[in-house]
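2 protein chains.
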Amino acid sequence: MIKITLPDGTIKEYSKGSTPMDIAKSISEGLARNVISAKFNDTIVETVTPLNDDGALTLYTWNDDEGKKAFWHSSSHIVAQALEELFPGAKLTIGPAIENGFYYDVDFGAQSVSEKDFPAIEKRALEIARGKHDFKMHPVSKAEALEKYRSQGNEFKVELIENLEDGTITFCDHDTFTDLCRGGHIPNTGIVKAIKILSVAGAYWRGDENKKQLTRVYGISFPKQKELTEYLQLLEEAKQRDHRKLGKELELFTFSQKVGQGLPLWLPKGAALRERLEDFLKKAQKKAGYEMVVTPHIGQKELYVTSGHYAKYGEDSFQPIHTPKEDEEFLLKPMNCPHHCEIYNSRPFSYRELPKRYAEFGTVYRYEQSGELHGLTRVRGFTQDDAHIFCTPDQLDEEFKKVIDLSLYVLGSLGFDNFKAQVSVRDLDNPDKYIGSVENWEKAENAIINAAKEKELDFIIESGEAAFYGPKLDFMVKDALGRNWQLGTIQVDYNLPERFDLTYKGSDNELHRPVMIHRAPFGSMERFIALLLEHTGGNFPLWLIPEQAVILPVSEKHEKYAEKVLNSLENNEIRALIDNRNETVGKKIREAEMGKTPFMLIVGESEEEHNTIAIRRHGGEDLGSISVKDFVDLVTKEINSTLKSF
Amino acid sequence: MIKITLPDGTIKEYSKGSTPMDIAKSISEGLARNVISAKFNDTIVETVTPLNDDGALTLYTWNDDEGKKAFWHSSSHIVAQALEELFPGAKLTIGPAIENGFYYDVDFGAQSVSEKDFPAIEKRALEIARGKHDFKMHPVSKAEALEKYRSQGNEFKVELIENLEDGTITFCDHDTFTDLCRGGHIPNTGIVKAIKILSVAGAYWRGDENKKQLTRVYGISFPKQKELTEYLQLLEEAKQRDHRKLGKELELFTFSQKVGQGLPLWLPKGAALRERLEDFLKKAQKKAGYEMVVTPHIGQKELYVTSGHYAKYGEDSFQPIHTPKEDEEFLLKPMNCPHHCEIYNSRPFSYRELPKRYAEFGTVYRYEQSGELHGLTRVRGFTQDDAHIFCTPDQLDEEFKKVIDLSLYVLGSLGFDNFKAQVSVRDLDNPDKYIGSVENWEKAENAIINAAKEKELDFIIESGEAAFYGPKLDFMVKDALGRNWQLGTIQVDYNLPERFDLTYKGSDNELHRPVMIHRAPFGSMERFIALLLEHTGGNFPLWLIPEQAVILPVSEKHEKYAEKVLNSLENNEIRALIDNRNETVGKKIREAEMGKTPFMLIVGESEEEHNTIAIRRHGGEDLGSISVKDFVDLVTKEINSTLKSF
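Chains A and B, in that order, give the protein sequences. Following my numbering, the numbering of the first sequence begins with 1 at its first residue and continues without gaps. Following my numbering, the numbering of the second sequence begins with 647 at its first residue and continues without gaps.
Next up, chain A with everything else stripped away, as it sits in the complex:
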């Protein structure tokens, strides 16, 4: 008999050689039906692997990440079989599960695979799946394994096997297919009910651009057809909401080959939107006691030697800027903190004057490889809504709470109500990794945890995730498509005050080190706007959207009245414009819908006569004809319902 410890801590006895599936069945038939993968003592095993020792067992279903991983990895075997059959001579290499689905890298030789082949691949893969073939692992000697692939002329698998130790090599079979594999499969192919080939792309063998280019076939699979349908809808929706697409359509930003990749140019509507966001935060920050500062976008190399950034990131950053006549070196600033430290250092402070809260919409530059750039989410230049708070250790508690209040206000005003927080603290087993006294760390970690509790955040604590210079709290938001994004951060820093020799005079008349808090509720203006575009699909909150209303005169003779309406709206600070192009009202409405304009104000004979406007909401709702004043009230009320004052 062996003793099996289950995740809830219960220990049960089973006869030696029992499989995870046997154990699942012993717990409940329902569980057994759903179990598709298992972990035994930190090793992923098959559901049919016989267990011969005491140990801890976790059973996974489709709802677990590990379950999905086994599901998708198994699906890649099925697709590989289909590919081998449909493209004779294709050489298989590797086929792992990824975050969403799986891929298989294949050398198709002289053949090529394109979108038009996808239906045939899907059809054959599904046929195989329906055969309910068990996945069966079996050990193979190194010589035998090499012989198999040498005879097929598959130099990739040969290379993989050459790097493995004899005695550890396993293959996995199902139906007529066999593949070199470490394991981690679902019980049988029949569990896979839906398979979709998503795309093909070039990929170098082992990611090395000097090696052969293979074809990477991406796919995804599900235990229910309905789930695939939903996933494809989500993909389509994400494509429609892609901020690069919307940014272009709504004329928010552009890129220029001449200016350079990853360096966004903000077009008038985008620049105005950005400014509204900045003004919104500035106003709240002013109330919260922040002071704005302005600092240059470069700094002498020495500044970053002092801060430690040069030693750490110098080689991978934009390289130093030299001057023509003098022996000077400057760096594009990758962050604003060293500049703010120098501002703090420009005069002495007494404890009575703290906290000092310096804020700046500071544009920073960080080198990213061109292949990694992506719209506004991965850029080479971006503007942080940055601030640095310099306070006494005793003020940390209060300051942290205030920063959380501000962050919650920002998230709430922008329609993010689904978020979590992560508190990153020290690894207590590695105290030497951290700068600053144990006492201060305890103070800071307690301050963060207490603040998170008091503010009723939904938060988790991650040990060992703190930076070497201090603990932190990050906000993660879930967007309208259920995707997670890391947003604003609040970090305690004991390092920079030390490196810049920052001081304040305490009540004891001695000099002390202030603590520094880095914080940015948006994170970066670029990334935040990208996220907001994808979250709202371009239907920004009314207070933020570029044009709140478009006035559509039914014919030319109503243009005068339209201008009168526009004038009233402008006097009430409503952003509107008149569409007096020579087009039908129907076409103008369709285009205003495309342009995400929240209100279409149609003015014709009747409206002019009764001094009203006929209101149509984005999406089609007809609000009837009302006076301009009533419309202003409607807009004001709607704005006030989302945009509370801080």
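Hints may contain errors.
Unchecked claim - Heads up, simulated DSS-like pairs for lysine-lysine below, C-alpha to C-alpha not over 25 Å straight-line:
1) B:K1002 / A:K596
2) A:K505 / B:K1233
3) B:K915 / A:K287
4) A:K560 / B:K933
5) A:K401 / A:K420
To be verified - The following residues of chain B were derived to be distant from chain A, with all beta-carbon distances above 12 Å:
6) A743
7) E745
8) H784
9) D821
10) D854
11) D888
12) Q903
13) G906
14) P910
15) P984
16) H985
17) E1006
18) D1120
19) W1131
20) K1206
21) G1241
In short, the hints are calculated from the structure, not lab data. C-beta: ideal position from N, C-alpha, C; glycine also.
Take the given structure of chain A and dock chain B to it, following the hints.
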């Protein structure tokens, strides 16, 4: 007899050998008393130089720049004599007139001259002046001249003479003193009534740091003692108003050795002031149809190769930024125009959509040698209140007028009422120097001149001062101390639209080139704020000043009331603070005066009882006790009187 043409065009006959002074006397005794220098056929002559040919003669008095030049150059001879007498063995080199006064570069050998020697030098120089010694020029052979200075061991004069041609060498004598000199003196030393030695500084012989360091003795002189007194007061006033001094006292900006020279860090009060200025201009620009854009602070080298800036300025600029992994080169942006051209180029335009007016508070970086940096007026990074207008050639006229309107509004709102404009046009003799068609140049020059006339500007036209790419108009303002500053500029550009291949579709359905206007009413935020500091001595217009009022509770028990007052003021958007330090009201008033706060609001027993505030204006005026509401009205009225809406 010779024919002499006078500046008014009249031609008079004089006997050969007549001197300019003879001619002055023939015109009027009064003129003769004031004439101190003359120009004959484009050559500066002495007032006693005999004229032997027909020619044009201009007579100069102290009121002419050329008159001052002769006066100060002659004064340098007088001071040189005094130095030679007081510091035996001192070797004289050169002693020219400069913009304000003169200097003489002297090798004092082992001796040294410092401030404590100034009174003795001034005393002796004035004694010499009072001797009414005539300045007398006489020719000297090269051999004789070399012999004189060789015998004195003065290698500097020897070097100067060696480079002169025999037969052209002259000396000037007065009293016991003689000096190598080309001429340009006043009649006699007696005209100089006041002499002041201002400072001494090191200066390399011929400005070459590899040559010997000499002592430069700076001085100034006047025909009346009163004028010297006034000048010294002005100097003192300028010192008090030095923006570097005021910027520090008012906590507006600072510099950091670590960040780098010439890179200002804006402190909270300065950043807020800057933002108010920017908001002021943004508001006016919005009304004037400008759209804000945001562009990065770097651009690929290719961008500046396209614009032509790299070829022209590349070597003398901050050097290219390389990237670690890819073969890329970026430059810090020295101007915003190439980025704005790329924004224009991001989509096609029809003539109906023009003009497009893109504005940006764009921070640019230009390398200046460290020795040339000066406070905020000569920096390495600064923010331009930049905009680029893209219009059709036919719109140029109208657009230029609109830009002048905006510029006049800006100058007027900031208290500059003493300004001139300079219109820079082509050199018609060198048509090849310019890009763009003759037709377009004529159109543009006429547009500028007509606009300047129509807007009733006090302007001059300078031929040949236009840039190669287009004509321009510059504003020069005179500050409170009578000093001239070049401010905003409006430039027409035919070059960049060509280089960036900018187009619009005309009414003929063909593609045409737009014209571009560069304009910046402030010029740069840094330089403008420096100028405003020196012009106002820190007493900024009420709408702009950091703190409009400070509330001074007479004792601790009135602090509650002070807070009530502060609250009312804040609700009325008046920037105020409470000075509740444990100091006397007298000291607080003195410090508020130093801090340039326009209003001091004293609150004590009586004020609290009657719900009033006792108002003291900056400068000391007592406005008595009034209600907060009346004070708000007072402030509002005063602001509205300077800050009209555009």
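Against the structure, the hints come out as follows:
no.: 1; hint: B:K1002 / A:K596; in the structure: holds (24 Å)
no.: 2; hint: A:K505 / B:K1233; in the structure: holds (24 Å)
no.: 3; hint: B:K915 / A:K287; in the structure: holds (16 Å)
no.: 4; hint: A:K560 / B:K933; in the structure: holds (20 Å)
no.: 5; hint: A:K401 / A:K420; in the structure: holds (16 Å)
no.: 6; hint: A743; in the structure: holds (30 Å)
no.: 7; hint: E745; in the structure: holds (26 Å)
no.: 8; hint: H784; in the structure: holds (45 Å)
no.: 9; hint: D821; in the structure: holds (45 Å)
no.: 10; hint: D854; in the structure: holds (15 Å)
no.: 11; hint: D888; in the structure: holds (18 Å)
no.: 12; hint: Q903; in the structure: violated (8 Å)
no.: 13; hint: G906; in the structure: violated (4 Å)
no.: 14; hint: P910; in the structure: violated (7 Å)
no.: 15; hint: P984; in the structure: violated (8 Å)
no.: 16; hint: H985; in the structure: violated (6 Å)
no.: 17; hint: E1006; in the structure: violated (8 Å)
no.: 18; hint: D1120; in the structure: holds (27 Å)
no.: 19; hint: W1131; in the structure: holds (23 Å)
no.: 20; hint: K1206; in the structure: holds (20 Å)
no.: 21; hint: G1241; in the structure: holds (15 Å)
Checked against the numbered hints given earlier, this structure breaks hints 12, 13, 14, 15, 16 and 17; the rest are met.
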